[in-house]
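Each of the two chains sits in its own frame; use the hints to bring them together as a complex.
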Amino acid sequence: MKLVIGIVRPEKANDVLEALYRAEVRGVSMSRVQGHGGELDRVETYRGTTVKMGLAEKVRFEVAVSDEFVEPTIEALCEGGRTGEVGDGKIFVMPLERAVRIRTGESDREAVTPVVNR
Amino acid sequence: MSMPPLAALPAGVDSGDTAWMLVATALVLMMTPALGLFYAGLVREKNTLNTFMMCVGAIAVAGVVWALVGYSLAFDGTGSLLGGLGYVGLHDVTFVPREGTTIPHLLFMAFQATFCIITAALVSGAVVERMRFGPFLVFVALWSLLVYSVLAHWSFGGGWLAAGGTLDFAGGIPVEMGSGFSALAAALVVGQRKDYGRQALLPHNATYVLLGAGLLWFGWFGFNGGSGFSTGDPSVLAFVNTLLTPAAALVMWFVLDLIRGRKVTAIGAATAIIVGCVLITPAGAFISPGWALVLGAVGALPCYAVIVWRPRTRVDETLDVLAAHGIAGFTGILFIGFFASLAWNGVADGLFFGNASQLGDQALAALVTPLYAFGMTYLLLRAMSLFTSLRSTEHEEAVGMDFVQHGEEAYASGEGAILVMPESERERRLVADPTP
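As you go down the protein sequences, you meet chains Y and Z in turn.
Number 313 in our numbering belongs to position 39 of the first sequence; there are no gaps in the numbering.
Number 16 in our numbering belongs to position 28 of the second sequence; there are no gaps in the numbering.
With the rest of the complex left out, here is chain Z (with noise of 0.2 Å):
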C-alpha cells in the first residue's frame, strides 16, 4: 500500500496561523454553550433548559443560516451596504486563502460563523422565561440575515464603515452594539415577563451564572486573539488585552459594589468578566495594554449604572445585555478614537495622540450601529408578531417554559414518574416476567 503524498499547503497559507484559528474557531463555539451555563443561572429554576436552549438553537439555526447565505452578505465583495451573493451555499469558498489573510478561506468562514452564532444568542437574553421557543428560531434566522450580516460587512467585510476608517477589531459593532440594541427592542416588542417589577424574579443558580462567565472569558481568548486571523502582533496584543482589561473591570466593579451594598457580590462578578470582555473586544489591538488597563475600570462605571438603572424602567431586558455588550461595547468603540496608539498598532492615532478624525470615525459607528439594530430588530418582530405570537400565555410562563416548550425539567427527581411504553412491548415484558 502506498502513501499518497504529503499534501503541500495551498499557496499563502501559513501553517502557524492556520493551526492558532482552528483552535480559536473552537474556542469560540464554545462560548454560546458558555453564555448558554451563564443565561440559565440567572432565570428562575422552572426555564433553566429553554434559556439554555436558546443558545443552542442559535448554534443550530445561526449556524445553518450563515453557511448557506449570512456569509455572502458579510463577505462577498466591497459593496458599500452589502455584500454579494457569490458565496452563496460556500459556493468558491475553498482551502485558498481571501486577500490579506494567510488562512485557508474555508476556516475563515468557520470562525466568522462562530461570531454570528454568538451574536444571535446574546439577543435571547432580552426574552428569555416568556418567548416561544418556535418564534425565536425564526427570529435568529431571520435577525442573522437582516441585523448580523449587515453590520458584519459593514466593519469586517470591507463596507463603508471599515472603508471610511473607523476600527473595529473583533466586533464592537456587529457583535456587541449589534446584540446590545437589538436586545432592547426585542424587550420591548416582546413585552415585560408577567410577574416583572411585581414579584422577585431571582437567579436560581450563581455557580452557573460564574462558571458559565469564566467559560466565556476562555472562549474570548479564541474570540479577540483569533481576530488577527494569525499569531502576528496584532493577535498577541489582543490576546494579552482580553486578560488585562477584564480583569481591571472586576476590580472597578468590587469597588462599586462595595460603595453601593457595602459587599461584593458574585454575580456582579461575573458581569464584570462579561462587561470587560466586551469592551476589550473593539479596541482589542488597537490601544496599549496599559491603556486596556484603563479602559477595564472606566468602561466598567457606564455599565455598572444602566445595570443599576434600568430594574427601575418598565423595560424588562431581562438579563441585561443592553448594559453589558450594547454600552460596553458602544464604550470601547468610542475608546479607540480616544487612545489607539499608532506605536502599538500600526494603524492609526487616537485623540489623546494627535489624531482627532479617528474619534469622528469611532463616533460615526457609535451613532449608526445602535439605530440599526435597534430599529430593524424592531420591525422584524413587530413583522413576526402579525403572523404569530411570540410569546407564551399568562399561565404557561408560571408553569415554565422546561416543562411548556420542551416537555422536560432541568431538576427532575423521577419520584412518582410512571415509565410509558408503548402496548406491544409492554405485554412483551409481562409474558417474560408475569410477576406483577
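So that you can see chain Y by itself, here it is in the shape it has in the complex (with noise of 0.2 Å):
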C-alpha cells in the first residue's frame, strides 16, 4: 500500500483525471499548490511594476492505492502530466502506514479499493 503523490501542470489536471480514470484508478485527491523546480519564471508586470513568479502554480494529487495499482497511477500521472516542457512536476511515492475508511471502519487493502470493484 502505497502514497502516491503528484504534482502536475495545472492546465495537465484534467489530463491527468482522464488517465487516471482509465486506469480505473478512482480514490484521488486533489489541491492547488505552489511550487519551484527549475523551470524558467514567468516575467509579469503590473504597470510599472515587473515581477518574476518564483512559485508557479501546480496541482497535486495524492492517490492512496494497494501495491498493484502504484505502477498504473505512476503511468497515468506522467502520461497525462508530461508536455515535454520544463516544469511538469515531480511523482512521489511513499509507504503508506494505515488506511481507514471512515464509512464502514475498513481498513488497508480494503479501505483503498473502490466499492464498486468488490
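The set of hints was computed from the structure by calculation and includes no laboratory data.
Every value quoted in this text rests on a predicted model; they were computed, and no experiment measured them.
By construction, the Cβ of each residue, glycine as well, lies at the ideal position given by its N, Cα and C atoms.
Keep in mind that a hint or two might mislead.
[To be verified] For lysine to any residue, the following SDA-like pairs were computed, each having C-alpha atoms within a straight-line distance of at most 25 Å:
no.	chain 1	residue 1	chain 2	residue 2
1	Y	Lys286	Z	Met409
2	Z	Lys182	Y	Asp362
3	Y	Lys286	Z	Ala405
4	Y	Lys326	Z	Ala400
5	Z	Lys182	Y	Thr357
6	Y	Lys326	Y	Gly361
[Said to hold, decoys possible] Simulated restraints on C-beta separations:
no.	chain 1	residue 1	chain 2	residue 2	range
7	Y	Ser303	Z	Val303	42 to 52 Å
8	Y	Gly361	Z	Arg186	47 to 57 Å
9	Z	Ala188	Y	Gly361	17 to 27 Å
Quick look at the structure:
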C-alpha cells in the first residue's frame, strides 16, 4: 500500500484525471499548490512593476493505492501530465502505514479499494 | 476681466434633447465595459483579462476607426448601398444638427460611435479563450468598416433598407443581427477551443455575469431611449419598453428553466436580461407597451431553444452571441412586422393591424442582414488567416490567454513573486540600505 503524490501543471490536471480514470484508479484527492522546480520564471508586469513569478501554480494529486495499482497510477500521472517542457512536475511514492474508510471502519487494502471493484 | 457672452445654441439645437443625448451616449459607452464584465464571468479564470480586454480593445480600435472613416461610410448621404467620404476625419461634422435632428451633429456622431464599439465587442464572445489579441484588434478595425458601417448605412443612414420602409428603431439590423451572425462565422473560421466538447468549460464567476448583465440593462436605457435623438414620445416609449420586455423575458426564462431543470438559474437570468434588451432594440418605439411584454415572453422561446441546442453541435460559438443577439434581433425585427402600431408610433401598422406589407419589409431585412453579416465576416477572417495565425497554440491555450497575451493574471496573489528592478536602481537601494 502506497501513497502516490503527483505534482503537475494545472492545465494538465484534467488530462491526468482522465488518465487515472482510464487506469481505473478511482480514489483521488486534488489540491492547488504553489511550487518551484527549476523551470523558467514567468515574468509579469503590472503598470510599472515587473515581477518574476518565483512560484508556479501546480496541482497536487494524492492517491492511496494497493501495491498492484502503484505502477498504473504512476503511468497515468506521467501520461496525463507530460508536455516535455521543464515544469511538468514530480511524482513521489511513499509507504503508507495505515488507511481507514470512515464509513465502514474497513482498513488498509479494503479501505483503498473502491467499492465498485468488489 | 470680462466674461464672454453666453454662446447661443446653434440654430435648430434643442437644449433638452442635447442634454439627454449627452447622457445617453455615456450610458451606451458604459455598456462595453459592462459587456466585458459579463463575458469575463462566463469564461475560465485564466482567460478573464483577455476576454475583458477584447471589449476594451473594441473601444480603442472601433472608436478611432469610426471617427476617421466608419461614420462617413454609414452616415454621409443617402446612397443605396454605402455612404460617401464627405465626413472622413470628421470633416464638416460640427455643432450644426443633421437634417431631422435637434442635437449637434458632433454629438450624433459620438452616439453612433458607441453603437459601433459595442457591436464589435459583442462579436468577441464567439472567439474568446483562443483568438490572439493582435489579430482580433485588426479584425475589429476591418469588421467595423466592412460589416458594421455598411449595415448601419442600410438601416440608419438612409440606405436601401431604410428607404424601402424597413423599421429598425435602435439597431436590430446592424447591432444585433450584425453581431450575432458575424459571431457564427467567426466561430467557424477561428475554430473550436481545444477542449471543447471534451471537458467541462465552465463560467468562473456568475456574480460578474449578473452584474455585467445589470449594467448592460442600465446602459440599454440610453441605447434604446437615445435612439429617438430627442426627449419626445418615441424616446419615452422605447425607454419604457426597455423596462418591460426584459422583465417579461426574465419571467419566461424562469419558467423555461423550471421546466427543463426544475431550478431557476442565475446565468440563465443574466442571459434573459440580454435577450430581452435585444428583443426590444429594433421594436423600441414601434410597438405598444402591452405588445412589448408579449415580445419579451414569446421572443425568449427561440433564443432559449438555440442556447440549449448550440452546445450539442460542434460549433464552439463560445458565449452564444448568435442566440442572444442574432436570433433575438431577428425575432424583434419580425415582431415589428406583425405588431407595429400606428396609434403608438405614428409611422406604420404591422400585419396584425392590417398592414401586411410591413411584414414583407421586415422579412427582407431579416433575410438579407444575416447573409451579409455571416458572408462578409467569413471572407474577412479567411482572408486574414492567409497572413497571420488567428489563434494561439494549444500550449498557450492551456496556459491561458491572460498570461500569454497580456503578461498578467486576473487573480495574481503576489506570493513568491520577486520584484525585478533595473540594476542601477538595485545598486542605489543597496547603498542607501546595506542590510541584505
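Results of checking the hints against the structure:
The suggested pairing of Lys286 (chain Y) with Met409 (chain Z) is violated, with an alpha-carbon distance near 33 Å, which exceeds 25 Å. For the given pair, Lys182 (chain Z) sits about 19 Å from Asp362 (chain Y) by alpha-carbon distance, which is consistent with the 25 Å threshold. Taken as a hint, the Lys286 (chain Y) and Ala405 (chain Z) pair is honoured in the structure, with Cα atoms around 23 Å apart against an allowance of 25 Å. The hinted pair formed by Lys326 (chain Y) and Ala400 (chain Z) meets the criterion: a straight-line CA distance of about 12 Å does not exceed 25 Å.
Note on Lys182 (chain Z) and Thr357 (chain Y): the hinted pairing holds, with a Cα-Cα distance of about 15 Å set against a maximum of 25 Å. At roughly 15 Å between alpha-carbon atoms, Lys326 (chain Y) and Gly361 (chain Y) fall within 25 Å of each other, so this suggested pair holds. Our hint of 42 to 52 Å for Ser303 (chain Y) and Val303 (chain Z) is violated, since their Cβ atoms are close to 36 Å apart. A C-beta distance of roughly 23 Å is found between Gly361 (chain Y) and Arg186 (chain Z), which places it outside the suggested range of 47 to 57 Å.
Between Ala188 (chain Z) and Gly361 (chain Y) the beta carbon distance is about 25 Å. The supplied range of 17 to 27 Å therefore holds.
Hints 1, 7, 8 from the earlier list are contradicted by this structure; the remaining hints agree with it.
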